[in-house]
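Residue numbers (UniProt numbering), protein chains in the order written: chain H, 1 to 137; chain C, 1 to 675.
Since the hints were derived computationally from the structure, they do not count as laboratory data.
Note that the Cβ used here is the ideal one computed from N, Cα and C, for glycine as well.
It is possible that part of the hints are untrue.
Said to hold, decoys possible - Using 25 Å as the maximum straight-line C-alpha spacing, the simulated DSS-like pairs for lysine-lysine come out as follows:
hint, chain 1, residue 1, chain 2, residue 2
1, C, K640, H, K58
2, C, K334, C, K303
3, C, K571, C, K105
4, C, K324, H, K58
5, C, K499, C, K533
6, C, K274, C, K593
7, C, K640, C, K612
8, C, K327, H, K42
9, H, K42, C, K324
10, C, K324, H, K85
11, H, K113, H, K126
12, C, K325, H, K42
13, C, K325, H, K85
14, H, K126, H, K77
15, C, K434, C, K371
16, C, K612, C, K635
17, H, K126, H, K64
18, C, K593, C, K263
19, H, K80, H, K110
20, C, K326, C, K482
21, C, K482, C, K320
22, C, K247, H, K58
23, C, K274, C, K303
24, C, K334, C, K216
To be verified - These stretches of chain H come out as covered by chain C in the derived footprint (C-beta under 8 Å, 3 or more residues):
hint, stretch
25, 58-67
26, 84-93
To be verified - Some but not every residue of chain C turned toward chain H, in silico, with C-beta under 7 Å:
hint, residue
27, G289
28, S290
29, V297
30, A298
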Amino acid sequence: MQRVIKLNLINETSSVFRRSLSIGRTASYQSFNVQDQEDFQKRVLNVSTPVLVDFHAKWCGPCKTLGPRLEALAAEKLDKFHLAKVDIDNVPELAEEYNVTAVPSVIAIKGGKVEGSFVGVLDDDKLRAFVNKLIGE
Amino acid sequence: MSTRSLLPQFFCAVERRLTLGIAHRTSCTKTVIRRVSYLKQKSVIALTRRHLISDIQGFIPCQRYTTSTMAPVIPKGDPIQIVDNLIKNNRIAIFSKTTCPFCTKVKELFSSLNLEVAVIELDTRDDGADIQDALLQKTGQKTVPNVFVGGEHLGGCDSTIAAHQNGRLEFLLNKSQAGPKAEMPDDVKYDYDLVVIGGGSGGLAASKEAALLGAKVAVCDFVVPTPIGTTWGLGGTCVNVGCIPKKLMHQAAILGQSISDAKKFGWDVPDSAKHNWHTMVEGIQAHIGSLNWGYRVALREKKVNYLNAFAEFVDPHTLKTTDKKKKETTITSKYILLATGGRPRYPDIPGAREYGITSDDIFSLPYHPGKTLLVGASYIALECAGFLAGIGVDSTVMVRSILLRGFDQQIAELIGSYMAKHGIRFQRGYVPIKLERIEEGSPGRIKVTSQNEVGELLEEEYNTVLFAIGRDACTNNIGIEKANVMLNPRNGKVICDEKEQTNVPHIYAIGDILDGKLELTPVAIQAGRLLAKRLFGGGTMLTDYVNVPTTVFTPLEYGSVGLSEEDAIAKYGANDVEVYHSFLTPLEVAIPKRDDNEGYAKLICVKSLNEKVVGFHILSPNAGEITQGFAIGLKLGATKADFDNLIGIHPTIAEVFTTLNTTKSSGADVLQKGC
Ligand SMILES: Cc1cc2nc3c(=O)[nH]c(=O)nc-3n(C[C@H](O)[C@H](O)[C@H](O)COP(=O)(O)OP(=O)(O)OC[C@H]3O[C@@H](n4cnc5c(N)ncnc54)[C@H](O)[C@@H]3O)c2cc1C
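Just chain C, same shape as in the assembly (with noise of 0.2 Å):
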């Protein structure tokens, strides 16, 4: 290490280059990894500091200073030219504190993989706390470590070893070490600009934008049947047998609850209505087979290329396509979107496959399911069971742990408790063993067999079984390893950086099988649409996946953007977050008398941020049609005295955000009382 690129080091007395494990080329094919203990390290910079002096007097101060080996060492000045220029000209940067043991555990792992970073210690420096507010300006997390690679934000601590294990930190590294993207060598020719393997909500939007602009576009779609052989239209999984045919039965369920409580508003309505599962079937099948043939003569009007082929990869740039005839075809592309999203994941035991469905398969279900199991806790096993339920079907929830994992747990808490009131029975820390079939049918009867934590087992009959215990990404069959795409080991979803881009620069991906995005088909279409324009539009912008609102489904619907209670205790600390909070009834059910107080809403602010509100939820019916237009707020930042400036719409739901005043730590009663 030259003494001269240790200058400013000194100069500025605080940020300090931590050379954990300097890789020296001394010949164009040998690497010598030279480790350099943190004490040696010390000393040598002690020693240049004196050797320094003389230098010293014809440096200026706040110029940027930078040498071949140095990290650039940022005097004094704009904390948030700061900032950017340590993540800028550094492939690891971390901004730390010298007492902080997550920030000593982060630089430990990068000494352990022998990579160097740039550090600078907020504590030794009297800007460090404006440093601070510049990273939280620019990240949203206030605490440190904050740790960029590659000029991506990693996090902190938690954040950084998540992506050590999950292979996002090697792609991050392996992305800055490949410096420029290569251009796309301009003389090969190929059948296509943009092959899109996926027709689902992320492809099409794509394909679509894309052949917009120019490009000769292909899109690939092919759905492999389920195991008890459902099969489906252009469109993916929202069109078919997510989003729409979901929301379709959710409000079937509504209807019922309106019928029920129409007789108090006066309507005669018959005890004896009763509700006819092969219409509702039919009807929503009609209008899946309506979209998809929208979307057929979409692709035709933008002249892009449709498939009714399974596609895999041959070579980097070349698929070969499968047909329902088997008819193989190959073709090859300059760019590669992958979007092939997810299907349901079945459990490892004996009878699930054969004797189990998923929500693939209900929503065209020919028969009555009659009495239903539901097996998991995600967003999909709870509507499910809402909707079953509301148009009288005998439905059970078995659950291993938690309700609706990395949603707010005291909503998820109280959308169990009002599932339970309203039918559903919950069977908590059971997981199914073992399915058989007693009685072909359809429906037919099977026995399930579940066990606890202790070993007990639970016997049941049941017609239907439906596991929705998660989703896998569709990457195992699409010969991605030719095409030598990173995959998260973990969950096999593809790794990319903020602009989609895979660590082979050709290929992209979206949509469902992005790791540690959003599974939302909106996302999907944003990250679609904006990929394409940046492709062959010129575009740069790029997918904002921050603050996306969200609703879950159930019987009381739950709407939300920004973070859970739980997230921003965590990403801010206790002391600095207040929970604005209120039970709620709809003036809707208050002649039928019933669900009162079972609506809530909160507010989650951050008290040193001038009480902005990072978390808005609410429990209640139409919670989808409200949160959409409140998110819009949190996006552009609001704060709690702008929600209470904002004057409500009298009698609606949605007006209890402009009078939330009392706060979750007060301990006071929120429920609403009183005629």
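Bound conformation, chain H alone (with noise of 0.2 Å):
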């Protein structure tokens, strides 16, 4: 697992790493766009993290309220779980495959198999208990 040391804002299409400062030491945690069904297999599905994906669109309004707080969580969780990012109509083959109807669509993947998911945005509680479900605390 790469560490990133500096603040470094890489561009959107690879992995995006930030530093938290949340918990006062330099950290890092993994939140990514994906790019298409390859990306997707390579980051999401074949790795052991547990990883949320986050199905959104550019015109949902929900998305820009459920998204920021997701980074959050995956700042203040560090490499406990991934944040990967899918702009279903960037790649609708994916938001096809998981049977997405509906953004925000969050599912939680661990180990190539969906471990949960939900529709909408959550209040700030439930959302925790999700994560929390999903990476064991």
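If you follow the hints, you should be able to join the two separate chains into one complex; please do so.
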């Protein structure tokens, strides 16, 4: 696993590593935009770390509320899970594969298997509970 | 011609088969055309009359009588039967009058084509008037000639000549010759039951309905980017670059008007209220994005295979599809539905494609368009000019001749003058001949040179030039010749019968590419759904293309259903048409004190049909909402008295139709006056 020491805003097409300052030490979390099915296979299905997949769309208002909150949770939990963001208009095949009909839709994947999912914006407690279950906290 | 076959002709003394040129099959391979002159034919009849006297004795009047070489000649009886039988039993049936020059013209046309026709001369029989009434009931056409080909109503002289020129006549003749449609061989296995080319209004409706009925369906939809690179998602013209964004921009403009009216109603609105182009475009595009997604999900849920790829014919049952990554796939289908819609036309002048835009670009334009020239007199040109001006864009409309061709011209002019009063500049009589870029940018600066009929030149600078001079059917790049589908050579549209079937039995067409039909979303949807039901659900209902309501969303909306005043007069004659009308001022504008008497309402009635209303027209705010409901009245054959008996809803604009009592012919003043 790559460790990033500096504040490192790599362009959106590759993994975005951000430094989390919330716990007062230099650390990283992984949040990235999924490019295509191959990318998804490599970075979501083939990894052992749990991954939250956020299916979203540019035109979706609620996605703009949920997105930053997922991002914040990922930053807080550091490497305990990764955040994979799928723009359903860019990679519709994935949305289809996971039968996404409305956005935002979030699915939790561990070891290539779907562990849970929800649709819409969850309040903070529920969201935290969902993530905690995924990472076993 | 056998003497026997002439018997009933003589007996009834009025039906006569005009044999202008008979194709006699003398052997299996050779066809000899024998032309019989009109005169010669008359003498044949005269001659046979005498010989037939004895036969006549045994003839029972009113009996159907057919022979293999003759049209069934229908004796007197039920006029509706007479009409139906002549149409049913003859490839070409003409209801005519011996004294009518247009009838002669039509007969001469068929004669010049060596085609055999069956004619009833209405003025030579005493039930002629009844037959004419029956024709009116059946076709809505009272005048003669009334021409039918292959069982389908063609219309009068002009429509017949037009049908000859645009390929429709040939289509109907071929079809009637082919006889009953050959059934599709069952042993051939195709990838799909139905492949729809075009995922727009019509294509989506048809594919979903067909899948629901159990057919295996794919829909191909691919958007070829505009010259400046605009592209969009699934759903076709209406959702992405038509009805939806247009109506939303219209709404933006209406809100602008409301904001300024609001002050007079006591709202403290700052004078600085300004419109932000980006916010509007972002909002509209977000909504469209969600619609695109919704269509995708709907296809998935209905198990329609969506192929985001461009489709073209390889042969009549095979299509090649090419996706964004240029990957090619071949698919076959039992039935193929063409629903490719249209795209805006560019004029053939220097700079048009390089520097001009169209309605395909305006709704997602990433920058404020600045000073804008709209070229064209179509409803799209006027609507775009209307909403642009309404949100504060400096807008000019350049028009070669009349506004809104095909629409009621009195109303078209009222729309023009209303728009002119509300800050839209019209340059009439000019066409652009050249566009030059003066400065790049977003927007840049473009010099437009235009010219009028006498050659006078006009030069002016604009930031944006939008062409709305018409739309071309997307039929020229789909290998249609490989499927032998007939097109109207004048406009590239697909010729179909009333079942939306082309000359190739397993290929159908709906929506904007259908020749001679309306270019409207609900029409395409209805045609798609009913066609799918007929193909896969045993349905029999046909799309009714008559009395379709429509609305032009200019600043003052214009709703109509039925005939324009011009068309009503052409169809029924000026003496038989009565127009009831009134100007109107909506209550809402009374306090802001604007637009006195700018609205207008008229009903067009046919006197001889008990004042049946054949045209409904309203120019007012919310005309679309008003027209939709009244349209059912026209569909059900409402008369002026029905409108008079209806009680109004007060206070509304629509109530004006319950109290229209001034006729246009009276010349009385219809301006609403006073406080
Ligand atoms: C500015 C504007 C405003 C309008 N406003 C209204 C309105 O207010 N009310 C109304 O009723 N109608 C309106 N219309 C008309 C309406 O949009 C059309 O009548 C309607 O969209 C026609 O539907 P269709 O199914 O025939 O084709 P379309 O909706 O045009 O769909 C055709 C689809 O086929 C695709 N396609 C074409 N060729 C191929 C190919 N070879 N392979 C794959 N895909 C292909 C196209 O990209 C397109 O997506 C408006 C149109 C415009 C331009």
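Structure-based check of all given hints:
no., hint, result
1, K640/C / K58/H, "violated (52 Å)"
2, K334/C / K303/C, "holds (18 Å)"
3, K571/C / K105/C, "holds (18 Å)"
4, K324/C / K58/H, "holds (21 Å)"
5, K499/C / K533/C, "holds (12 Å)"
6, K274/C / K593/C, "holds (22 Å)"
7, K640/C / K612/C, "holds (6 Å)"
8, K327/C / K42/H, "holds (24 Å)"
9, K42/H / K324/C, "holds (24 Å)"
10, K324/C / K85/H, "holds (23 Å)"
11, K113/H / K126/H, "holds (21 Å)"
12, K325/C / K42/H, "holds (22 Å)"
13, K325/C / K85/H, "holds (23 Å)"
14, K126/H / K77/H, "holds (16 Å)"
15, K434/C / K371/C, "holds (17 Å)"
16, K612/C / K635/C, "holds (11 Å)"
17, K126/H / K64/H, "holds (18 Å)"
18, K593/C / K263/C, "holds (12 Å)"
19, K80/H / K110/H, "holds (11 Å)"
20, K326/C / K482/C, "holds (21 Å)"
21, K482/C / K320/C, "holds (12 Å)"
22, K247/C / K58/H, "holds (22 Å)"
23, K274/C / K303/C, "violated (47 Å)"
24, K334/C / K216/C, "holds (10 Å)"
25, 58-67, "holds (count 4)"
26, 84-93, "holds (count 3)"
27, G289, "holds (3 Å)"
28, S290, "holds (5 Å)"
29, V297, "holds (5 Å)"
30, A298, "violated (9 Å)"
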